[in-house]
Each structure stands twice: as structure tokens, then as C-alpha cells.
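Line by line, the protein sequences are chains A and B. At position 87 of the first sequence the residue is numbered 86 (numbering that gives the first Met the number 0), and the sequence of numbers has no breaks. At position 5 of the second sequence the residue is numbered 4 (numbering that gives the first Met the number 0), and the sequence of numbers has no breaks.
Just so you know, the hints here were simulated from the structure itself, not pulled from any lab data. It is possible that some hints are incorrect.
[Stated by the list, open to error] Here are the simulated distance ranges between beta carbons: (1) G46(A) <-> S82(B): 48 to 54 Å; (2) L48(B) <-> T76(A): 47 to 53 Å; (3) H12(A) <-> A81(B): 30 to 36 Å; (4) T3(A) <-> T25(B): 23 to 29 Å; (5) Y64(B) <-> S82(A): 36 to 42 Å; (6) T3(B) <-> T25(A): 21 to 27 Å; (7) T51(A) <-> T76(B): 48 to 54 Å; (8) T25(A) <-> K22(B): 31 to 37 Å; (9) H12(B) <-> G20(A): 33 to 39 Å; (10) P66(B) <-> D8(A): 22 to 28 Å; (11) P66(B) <-> D78(A): 39 to 45 Å; (12) Y64(B) <-> D8(A): 15 to 21 Å.
Where is the CB? At the ideal position from N, CA and C, for every residue including glycine.
Protein chains: 2
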Amino acid sequence: MQHTMVPSDRVEHVGVYGRDGSKLGTIERLMLDKVTGTVAYAVIKTGGLLGTRHHYPMPWSALKYDPARQAFCVEVTLDELASGPCEFDGDEFDWGDRSRPYAHANYWSV
Amino acid sequence: MQHTMVPSDRVEHVGVYGRDGSKLGTIERLMLDKVTGTVAYAVIKTGGLLGTRHHYPMPWSALKYDPARQAFCVEVTLDELASGPCEFDGDEFDWGDRSRPYAHANYWSV
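Isolated chain A, as found in the complex (with noise of 0.2 Å):
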């Protein structure tokens, strides 16, 4: 039976692959709209080490979930989401501040 929903930690910690096939990174955490209870972006995790990890939202209707990978697909490179305006990097980012621009073209082509 196909569902219609998915639970928020079937989510979390779910690896992200890219339009060139590589591994993104994982899914680290959605973040909701308070009054509506939706999803305003879900948070990938890149890179392994501290220093080396990045976070980067995505919206979620950018995410695909592939049966067979068992992990979302979203329409971006690496380099992409790099060199993009959106990079958001270390721990101390104001994830609720939705004044820094977060927009890649590519988030919303899908």
C-alpha cells in the first residue's frame, strides 16, 4: 500500500543524492513553519568532519525519495550547492532568521 504520509524520522538521517549520481550528504532535520506546521526547508548535512560539514536547506517538494536507494534525490551538484547563495555553514547559524536569502534556481526546478 502506497501511503500518503511518512513520519518525520523516517526523514531525518536519510541520505540525499544528487543530479550527478554522488552522495550529498544526509537529511539532518526539517524545519517547520510554526502556525502552519509545514515544512519551510529541510536541513542537508554535507561532509563528514567538523569543518569539512556543511548545511544546506532544500525545499521539500526539491526532494524525491527513491525506492531503491532508499534516499531522497534532489535536482543539484555538490558544486552547486557550494557555490550557491546558500550555504549556511557551522553550528551557531539562526535557522529560524529566514532574512538571509536562501533561493537557488535549481532548488525550485524540480
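Given chain A's structure and the hints, the job is docking chain B onto it.
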């Protein structure tokens, strides 16, 4: 600064208190609509030991965050949850199945 967003992993595992001030349980997870990325409902886990544990759906809009308690408050009591038409017990429950009713008058009265 008051944020308009909240991370999913700061909602999960947070306590939930009922109308009478007693603790109902904790947020176990959020159920998200796959297409829209909207929280269909939160799952409240009540009880402690296996066998006394139950899982109840609660609409996002019914959860009010209380900063003093660092917990959510809802306008139902444990008795109302337990006697309502909304009890989903056991770990075998099909969380994606919306054919079973879980409407509870007080869920929507907040």
C-alpha cells in the same frame, strides 16, 4: 528574537501536558503529508512500560508551546484521549492509513 520556525528534532520527544495540567506523554514523531510537506498530525506517546504504552494523533494546531514548561499543552485530558475514538495502540498500527477515524472534538477546539 521570536522565530517563525521550529526544527523537527526540537519537537520530537518534547513533553505534552493536558488541560488539567497533568503530563500526557511526549511527542513521538510527526506525520507529514508526502506531497505538501505539511504535518498531518503529531503522535503523542503515553504511558511508560510496554503494554501500557499508547499512541494518539494530535493535530499540529492543537499543540501550544509553553516556554515556561518547555513543553506542549493541549486542550484534552488523558481520559479523553484514552476514551476517544482516536486510540491507536500497539506498534503495528499503520500510521499511513487515514481510513480509521481519529477525530476528537477537543482536538479542533483550541
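These are the hints, each one checked on the structure:
no. : hint                          : in the structure
1   : G46(A) <-> S82(B): 48 to 54 Å : holds, 50 Å
2   : L48(B) <-> T76(A): 47 to 53 Å : holds, 49 Å
3   : H12(A) <-> A81(B): 30 to 36 Å : holds, 32 Å
4   : T3(A) <-> T25(B): 23 to 29 Å  : holds, 25 Å
5   : Y64(B) <-> S82(A): 36 to 42 Å : holds, 37 Å
6   : T3(B) <-> T25(A): 21 to 27 Å  : holds, 25 Å
7   : T51(A) <-> T76(B): 48 to 54 Å : holds, 50 Å
8   : T25(A) <-> K22(B): 31 to 37 Å : holds, 33 Å
9   : H12(B) <-> G20(A): 33 to 39 Å : holds, 35 Å
10  : P66(B) <-> D8(A): 22 to 28 Å  : holds, 24 Å
11  : P66(B) <-> D78(A): 39 to 45 Å : holds, 41 Å
12  : Y64(B) <-> D8(A): 15 to 21 Å  : holds, 20 Å
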